[in-house]
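Number of protein chains: 2
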Amino acid sequence: MQATGVIVEYNPFHNGHLYHLNEAKRKTNADVVIAVMSGNFLQRGEPAIVSKWTRTHMALAAGIDIVIELPYTFAVQKAETFAFGAVFLLESMKCTRFCFGSESGTIDHFVHTVQMFKNHKNQIDAIIKQEMKKGVSYPTAVSRAFQSLNIRDGIDLSQPNNILGFHYVKAVDDIQASIVPYTIERKSAHYHDERFSSDTIASATSIRKAFFETKDWNQIASYVPVTTLAALQNYYQEIGQLHHWESYWPFLQYRLITSSIEQLREIYEVEEGIEYRLKEMAPSSVSFHDFMEKMKTKRYTWTRLQRMCVHILMNTRKEDMWKSMKAPSYIRLLGMSENGRNYLSQIKKDLSLPLISKVGANVQELLAFDLLATRTYGIGVKKTKKRRDLMNMDFTCPPVYFKKS
Amino acid sequence: MQATGVIVEYNPFHNGHLYHLNEAKRKTNADVVIAVMSGNFLQRGEPAIVSKWTRTHMALAAGIDIVIELPYTFAVQKAETFAFGAVFLLESMKCTRFCFGSESGTIDHFVHTVQMFKNHKNQIDAIIKQEMKKGVSYPTAVSRAFQSLNIRDGIDLSQPNNILGFHYVKAVDDIQASIVPYTIERKSAHYHDERFSSDTIASATSIRKAFFETKDWNQIASYVPVTTLAALQNYYQEIGQLHHWESYWPFLQYRLITSSIEQLREIYEVEEGIEYRLKEMAPSSVSFHDFMEKMKTKRYTWTRLQRMCVHILMNTRKEDMWKSMKAPSYIRLLGMSENGRNYLSQIKKDLSLPLISKVGANVQELLAFDLLATRTYGIGVKKTKKRRDLMNMDFTCPPVYFKKS
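The listed protein sequences derive, respectively, from chains E and L. Going by the numbering used here, the letters in the first sequence line up with residues 3 to 407, in that order. Going by the numbering used here, the letters in the second sequence line up with residues 3 to 407, in that order.
Hints are computed from structural coordinates only; laboratory data are not their basis. Be a bit skeptical, because a hint or two may be false.
Where chains are identical, the list cannot tell them apart; a pair therefore holds if satisfied intra-copy or between any two copies.
[Said to hold, decoys possible] Straight-line C-alpha distance at most 27 Å; calculated DSS-like pairs for lysine-lysine:
#1 Lys388 - Lys296
#2 Lys80 - Lys360
#3 Lys320 - Lys281
#4 Lys385 - Lys296
#5 Lys351 - Lys136
#6 Lys385 - Lys211
#7 Lys298 - Lys388
#8 Lys351 - Lys405
#9 Lys385 - Lys27
#10 Lys300 - Lys123
#11 Lys350 - Lys211
#12 Lys281 - Lys360
#13 Lys296 - Lys120
#14 Lys80 - Lys131
#15 Lys298 - Lys211
#16 Lys27 - Lys351
#17 Lys385 - Lys281
#18 Lys96 - Lys328
#19 Lys298 - Lys387
#20 Lys387 - Lys296
#21 Lys131 - Lys351
#22 Lys217 - Lys384
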């Protein structure tokens, strides 16, 4: 069976994702599609609007065959680490190809840019260092360094999906993987778009924004498959809310207020004395947005700050992160279709990492960050019993099994 | 001026407190009455139903002349430490007498019991040790040890106010204070009473319970002065709630879930491996009450567990507490009447501790625990702007000045 991988967050799964999925299948002649998906907290340092199980269900309902979890250690990270973890896991799942969306749309340009990067590494590093001294953020510095190389047939590294794609292709090279990368040009909606610009395709950002602003399902119905809409509505009805940062703000504020400077300094990504500003701004802020506005500077991008906030919320300490960031050490199965199950039974014996479908005492240590992420995610739920249930779901919820009716 | 001290929590100030205050004035010929009052968290390990400033206002409106704060380090403590801090501060304020309510009502019996305790210390310690080995709580063990002495004219140390009184009188002896203790027999209501048993006098416990169960001011109006009722109503209207543990439960649960075993072990009063049970019970509990029911054992009294929970909520670490528990090192002025102000200006120059009426940068270190207590107390407020205001009130709110109209 020809297995194709995709790297996703599905927050939520929408028509753009469906287009990408179908194109990826077609382009790579896939017999089975495996999604490696971030868990309850996402790359941009946000809680997912619905739990990883509901997002798994959306993915399977739309045609994905297997969903595995990108561990917290790789999910809430800058593009490079995120890409490394994701590609590593797809390779571990014996995918022969993977396909990502990009603004560029031409895989040769990615391969070429990665090659140029390797050939000019010292030069690029020097420019990045120089630019950062001027006080700009790391992504901006990287983008400027590449621009200065003036690569023919290079990609525009100021585009968010190109950045991710660059790191995917670079990860393949770094780990000497046999998986082959493909790319598809993204249609209509851009990653960061906050407003709708098409009738059926919209970014996940704009879909979430529309929902939280209007609480009107009609506003988003035309941009997502009916299965996504139903899953979102069910979740909302059962849990009483979708998730966003503001639900976690009281806890972040509480953590900042009651932590000592020394304790904050132990948290992953808290660097360069920012712990003092965190302590200073926390008690005077009235919302997460207010706090972020106060914290933001030219050097600290919104995304970097948000990721730092997730790590503070989770109390993830540097040394613990460093230990588990070396490489993924397990494959957590979140869900599968019938086709996916067949594929799994075929490859199971040859996997080099343990495939975890049930969280027992024996794997709790291994999954510590992911379990903590679910518990922390649950704390934002207001209904007390639903909060308890969600917090313990890693232990009670088997992988989603989706059978086409 | 003859200054009399009282040791109070006023949660809230009620008719029983008024009776005690007037009797104390009469009995000690007081020209001025000074209350040393717990701040936002109380001796039994609970948040006060209204802030320390509102409780100060209630006290002044009812005839107290000066309110000073019993620092967190002494307030959220077992009787012995609580009593030591309170008596030490009254002595520092140059009170010549102080008066406490008790079930016994006879000061000679307290003095005699303390004397017996000193004379039989080794014997008592041995019995306490023996009893605790049987698995009973410390207070029960102490009570049994005293019973075994069979003191003629002793006091019943199974009664909560007698226990406190014993420690007040013992503290006077321990610190060789010149302040003279008086006691008044408590009328009608017992400390732990949860239900009303008189028309005008009820315990603070029963008053709080009646309010939270009915949210009906008429249920408590006959048990408190009109000034208390008005202050409670104003607070409720402005802040949107009175405080109780359940408002802080999500934060305690969050803290327990995201703290490592090692971090919990650093917290004051977390001993004997209870950190493992705390971690185990937190995610499966749906309320503070539910959690406490799960945690409670014969050895750990409800009160001891509640105090532990406040320390966990506050993130108060053992070494920091030990440092500041040696003796009160400042007098924090919360409020005064005109009469109180005159007294203050008279004694000000002779005070051996700094009198703090304004929290500037120079005293933040000194007051660290009390400032943290107010911030933590504020986190339980749902209205976002009120939360922020309350959290910062130590810096913005001058001492309450009460002038009789």
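Evaluation of the provided hints:
Proximity of Lys388 to Lys296 under the C-alpha cut-off of 27 Å is restricted to the inter-copy arrangement: shortest distance 19 Å between copies versus 33 Å within a copy. In this assembly of identical chains, the alpha carbons of Lys80 and Lys360 never lie at most 27 Å apart, being 29 Å within a copy and 45 Å across copies at closest. For the identical chains of this complex, Lys320 and Lys281 are neighbours both inside a copy (19 Å) and across copies (22 Å), given an alpha-carbon limit of 27 Å. Only between protomers do Lys385 and Lys296 lie at most 27 Å apart by alpha-carbon distance; the minimum there is 20 Å, versus 31 Å within a single protomer.
In this homomeric assembly, Lys351 and Lys136 never come within 27 Å of each other (Cα to Cα): the closest approach is 53 Å inside a single copy and 55 Å across copies. Both within a single protomer and between protomers do Lys385 and Lys211 lie at most 27 Å apart by alpha-carbon distance, with minima of 23 Å and 23 Å respectively. Taking identical chains as interchangeable, the C-alpha atoms of Lys298 and Lys388 lie at most 27 Å apart only when they sit on different chains, with a minimum of 24 Å there against 34 Å within one chain. For the homomeric pair Lys351 and Lys405, the shortest alpha-carbon distance inside one copy (24 Å) is at most 27 Å, but the shortest distance between copies (83 Å) is not.
Taking CA atoms no more than 27 Å apart as the test, Lys385 paired with Lys27 passes in neither setting, with 40 Å inside one copy and 50 Å between copies. For a Cα distance limit of 27 Å, the shortest separation of Lys300 from Lys123 inside one copy, 25 Å, qualifies, whereas the shortest one across copies, 66 Å, does not. In this homomeric assembly, Lys350 and Lys211 never come within 27 Å of each other (Cα to Cα): the closest approach is 41 Å inside a single copy and 60 Å across copies. For the identical chains of this complex, Lys281 and Lys360 are inter-copy neighbours only, at 21 Å across copies versus 40 Å inside a copy, given an alpha-carbon limit of 27 Å.
When the C-alpha separation of Lys296 and Lys120 is checked against a cutoff of 27 Å, the pair qualifies neither within a copy, at 38 Å, nor between copies, at 59 Å. Proximity of Lys80 and Lys131 under a CA criterion of 27 Å is satisfied intra-copy only: 17 Å inside one chain copy versus 57 Å between copies. Taking CA atoms no more than 27 Å apart as the test, Lys298 paired with Lys211 passes inside one copy only; the shortest distance there is 21 Å, against 45 Å between copies. For a Cα distance limit of 27 Å, the shortest separation of Lys27 from Lys351 inside one copy, 25 Å, qualifies, whereas the shortest one across copies, 85 Å, does not.
Only between protomers do Lys385 and Lys281 lie at most 27 Å apart by alpha-carbon distance; the minimum there is 21 Å, versus 30 Å within a single protomer. For a Cα distance limit of 27 Å, the shortest separation of Lys96 from Lys328 inside one copy, 20 Å, qualifies, whereas the shortest one across copies, 64 Å, does not. In this assembly of identical chains, Lys298 and Lys387 lie within 27 Å of each other by CA distance solely across copies; the values are 21 Å between and 36 Å within a copy. In the homo-oligomer, the alpha carbons of Lys387 and Lys296 lie at most 27 Å apart only across protomers (16 Å), although the nearest pairing inside one protomer, at 35 Å, exceeds that limit.
For a Cα distance limit of 27 Å, the shortest separation of Lys131 from Lys351 qualifies neither inside one copy, at 46 Å, nor across copies, at 60 Å. Taking CA atoms no more than 27 Å apart as the test, Lys217 paired with Lys384 passes in both settings, with 17 Å inside one copy and 22 Å between copies.
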